[in-house]
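Single-letter residue listing:
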Amino acid sequence: MNKRRNWAPFLLILPSVVYLAVFFAWPMFRAMTLAVWDDAANLQLHQEASSTSPAAGSLPQGAPVAILDRQGNVLAPEAVNDANLQTEIWFQIRSTGPDGQPVAGWAPEARVRVRESDAEGRPLAGTIRRKLAGDADPLTDVFASPSQVAQITGKLEASAAVEILGQETLELWYLVHGGEDGQPQEGWAPARYIQVYESGEVGRVARGDTGAFTTHYIQAMFNDRFFWPALLTTLLLMVLIIPLQFVLSIIMALIIQAQLKGNSFFLYVFTIALGVSDLAVGIVWYAIFTQYGYLNSILQSLGLISEPVAYLTADTRYWIIIAICLAELWRATAIVMVVVVSGLQAISSEILEAADLFGAGLWRRVRYVILPMLRPSLQVALILRTILALQVFAVVIALSGGDIVTVLANEAYRQYYDLRNINVAAAYAGLILLLSMISAVFYLRTVRSNEEASE
Amino acid sequence: MTTASMTSAQPSSQASAEMQRVRQRALRRQRFNRGLVYALAIVFCLWVLVPIWFIASMAFTTPEYVRAYPKGVLPFIPFSLETMRFFLSSQGIIPGTINSIIVALITLVLSTLIAAPAGYAISRYIFRGRDVYRLSILAVRAFPVVVLAIPLAVVFINFGIYDSVFSLALMHTALTLPTTILVIGSVFASIPYELEEAAQVFGCSPLQAFRTVVLPLVAPGIAAASIFTFVMSWNEVFAASILTLQNRTLPAQVLSALSQSSEAYQFAGAFFMMIPALIFIFVIRRYLFNMWGQISK
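Each protein sequence line maps, in turn, to chains A and B. Here the numbering used here is used: the first residue of the first sequence is 1, the next is one more, and so on. Here the numbering used here is used: the first residue of the second sequence is 1, the next is one more, and so on.
Source of the hints: derived by calculation from the structure; they are not laboratory data. Treat the hints with care, since some could be wrong.
[Claimed, not checked] Pairwise CB distance ranges, derived in the manner of DEER restraints:
hint: 1; chain 1: A; residue 1: V441; chain 2: B; residue 2: R23; range: 14 to 24 Å
hint: 2; chain 1: A; residue 1: I305; chain 2: B; residue 2: F32; range: 32 to 42 Å
hint: 3; chain 1: B; residue 1: I161; chain 2: A; residue 2: Q101; range: 52 to 62 Å
hint: 4; chain 1: A; residue 1: G262; chain 2: B; residue 2: R23; range: 25 to 35 Å
hint: 5; chain 1: B; residue 1: F79; chain 2: A; residue 2: A346; range: 41 to 51 Å
[Said to hold, decoys possible] Covered stretches of chain B (chain A as the covering partner; in silico rule of three or more C-beta atoms under 8 Å from a C-beta of chain A):
hint: 6; segment: 83 to 97
hint: 7; segment: 138 to 148
hint: 8; segment: 165 to 176
hint: 9; segment: 200 to 209
hint: 10; segment: 218 to 224
hint: 11; segment: 237 to 247
hint: 12; segment: 270 to 279
The beta-carbon is built from N, C-alpha and C at its ideal position, and this holds for glycine as well.
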């Protein structure tokens with residue numbers, strides 16, 4: 001050990017600290033915020049059509065509004081390509097009016113059909129579009145500046161040829177009026193936050209621009225019809241699998257510790273499952289439990305059943321649970337076993353020999369010597385296993401299709417992938433994190449109180 | 001059990017007839033126990049191997065035998081590559097396999113590069129915050145890192161790196177990094193620092209000492225850790241399904257096709273996904289205790 005105080009170790013651990021901060025701590029924080037923070041809860045209104053103008057109240061997402069006025073602000077060239085903005089393009093045009101007088105000014109892109117552009121796609125010339133039949137004014141207004149509220153400099157007939165001198169991109173703003181009866185709110189908001197209905201005079205706040213704390217997503221999670229089945233199944237699987245797994249893994253570890261001839265073969269076989277993908281394990285046990293699978297094949301060859309039994313159906317959920325348990329036992333017992341074996345290796349053989357010498361049988365040795373000395377390892381294995389049990393996912397999908405029997409991780413996946421409810425999915429992720437943390441703290445607490453009791 | 005040395009450890013001066021009887025009984029019991037242990041060991045081997053045998057039988061026979069009932073096992077049903085070929089020629093499998101390998105290799109390189117210095121630091125230096133660092137690594141190791149795929153997906157979409165093998169590899173690196181750090185740390189810890197010091201006494205620079213003395217000794221352990229990283233990334237399916245759409249990895253591809261696919265596809269896919277585990281666990285089995293045993297210390 002190098003006890004010299006220097007900066008080398010900090011430099012050496014720095015990359016890992018940075019990496020885990022970026023890809024672990026921060027996403028964890030994001031998971032929490034996604035679950036309880038509504039990014040678009042409220043829409044800030046402004047006194048004028050500018051984001052720098054003073055606030056004039058706010059409206060919640062979804063609030064119905066009346067649209068009183070609209071305005072376009074010329075965008076700075078660097079903001080033109082911002083895809084988030086709702087924009088309108090205006091052309092600076094020059095043409096001849098219906099009376100033969102020259103007309104020059106600005107018209108929105110919607111009124112001009114571009115007929116000619118240069119090599120770079122800049123429009124050079126076009127014609128005025130025909131207005132819809134029934135419009136009161138068949139002529140198209142030309143404005144002094146790129147704005148609907150600017151002074152009108154002239155009018156053009158449909159199909160009039162225009163020369164296009166330049167263009168500007170405008171960001172649209174609406175003057176909206178809405179809110180509860182008691183507290184009417186009125187102010188300007190960028191058009192991208194407002195969904196306008198067909199008439200063009202009313203609409204709703206499509207989304208807000210300021211966030212707020214919300215329990216909406218967590219409520220949505222609790223109210224989801226799959227939530228309680230998923231939570232209960234997850235807990236049931238933990239309760240069923242973990243004790244069995246510990247018994248099996250301790251037996252396997254004792255077998256490995258016995259140093260039989262061919263020990264290295266046994267060790268390899270016992271640990272194979274540790275590296276097998278959980279999806280593959282799920283399919284393997286599906287091959288056994290499916291109606292025309294191996295279990296029925298064996299039972300039928302033995303004459304125990306006369307026709308194949310269907311196990312993995314909605315009417316026989318307990319069989320699905322059994323199959324999931326077996327698959328998980330098959331897959332993850334090896335992890336616990338390895339932890340237990342390394343714990344066993346730390347127990348000095350003198351102690352075991354002494355116990356043997358005093359006539360302690362295998363059971364008493366396990367009960368009074370090995371298990372107490374293994375406690376730290378078992379503890380760690382228990383935490384590890386519990387947290388892994390909360391992540392059971394692919395095995396369940398492979399064995400039940402993810403519908404008949406479902407677990408928390410599967411619901412997170414479904415919310416994210418099938419329903420596109422990222423916030424509710426994050427709520428599930430947060431719940432899994434929370435349960436993991438609770439179980440880890442719980443186990444560590446129990447140990448500490450045990451230690452204190454024994455002191 | 002571990003009582004083989006008992007007879008020799010016993011001083012013979014106090015050997016009485018009573019003691020002799022006790023000893024013989026112990027020996028008999030020991031032999032009986034040994035037989036029992038063998039039987040148990042074989043039962044457990046069957047428990048692990050029989051399901052693998054089943055799925056291998058399904059993967060290496062003709063589709064007719066996959067559909068047949070009752071199902072047979074190799075070598076009692078004809079051996080054929082037809083099912084496997086059918087699986088490999090299915091849509092998205094070859095690209096998925098290539099993606100899986102790329103993701104796993106990037107993960108392997110990234111996590112080894114980041115973990116090796118950190119592992120060296122925690123095994124060779126005592127520095128302020130070392131215990132906190134070790135403890136946080138242990139905590140991260142035990143955390144369900146995979147569920148972080150959901151918030152990460154949102155971040156990746158915002159940064160425009162969603163649905164790429166590289167961003168998935170970043171996630172997988174976060175997943176494997178704690179394990180890799182701990183394993184590499186324990187590998188370094190198993191090489192006495194005195195060796196490095198001795199090399200320096202004999203005129204090596206610290207870097208030379210590290211390269212010529214320590215590196216050859218730790219290389220197999222680090223290789224084992226890297227291989228395990230590869231296997232973890234190859235197997236991971238939750239984050240892969242969430243973070244990719246077009247560039248699916250193999251498990252994500254199989255998972256998304258699971259409900260509409262034939263049994264031949266599923267069974268051959270399951271065996272195909274197992275292959276790295278079967279090979280690599282054999283290669284690194286000696287180091288597994290470093291890997292998982294570490295966490296309890």
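Here is how each hint holds up against the structure:
In this structure the hint that V441 of chain A and R23 of chain B lie 14 to 24 Å apart at CB is violated, the actual value being about 50 Å. Distance hint check: the CB atoms of I305 of chain A and F32 of chain B are about 38 Å apart, consistent with the given range 32 to 42 Å. Evaluation of the 52 to 62 Å hint for I161 of chain B and Q101 of chain A yields a pass: the beta carbon distance comes to about 57 Å. Between G262 of chain A and R23 of chain B the beta carbons are some 28 Å apart, a value that agrees with the proposed interval 25 to 35 Å.
In this structure, F79 of chain B and A346 of chain A meet the distance hint of 41 to 51 Å, their C-beta atoms being roughly 46 Å apart. As drawn, the segment 83 to 97 of chain B meets chain A at 0 residues by the rule of a beta-carbon pair under 8 Å; below three, the given contact is violated. Remark: the segment 138 to 148 of chain B is confirmed as covered by chain A, as 9 of its residues place a Cβ nearer than 8 Å to a Cβ of that chain, reaching the required three. Only when three residues or more bring their CB closer than 8 Å to a CB of chain A does the claim for the segment 165 to 176 of chain B stand; here the count is 4, and the claim holds.
Check result for the segment 200 to 209 of chain B against chain A: violated, 0 residues qualifying (beta carbon to beta carbon below 8 Å, three or more required). A count of 0 residues in the segment 218 to 224 of chain B with a Cβ less than 8 Å from any Cβ of chain A is obtained; the coverage claim is therefore unmet, three being the minimum. Evaluation of the coverage hint for the segment 237 to 247 of chain B: fulfilled, as 4 residues show C-beta separations to chain A shorter than 8 Å, against a requirement of three. Residues of the segment 270 to 279 of chain B with a Cβ under 8 Å from some Cβ of chain A number 7, which satisfies the need for three, so the listed coverage holds.
Checked against the numbered hints above, the structure breaks hints 1, 6, 9, 10 and satisfies the rest.
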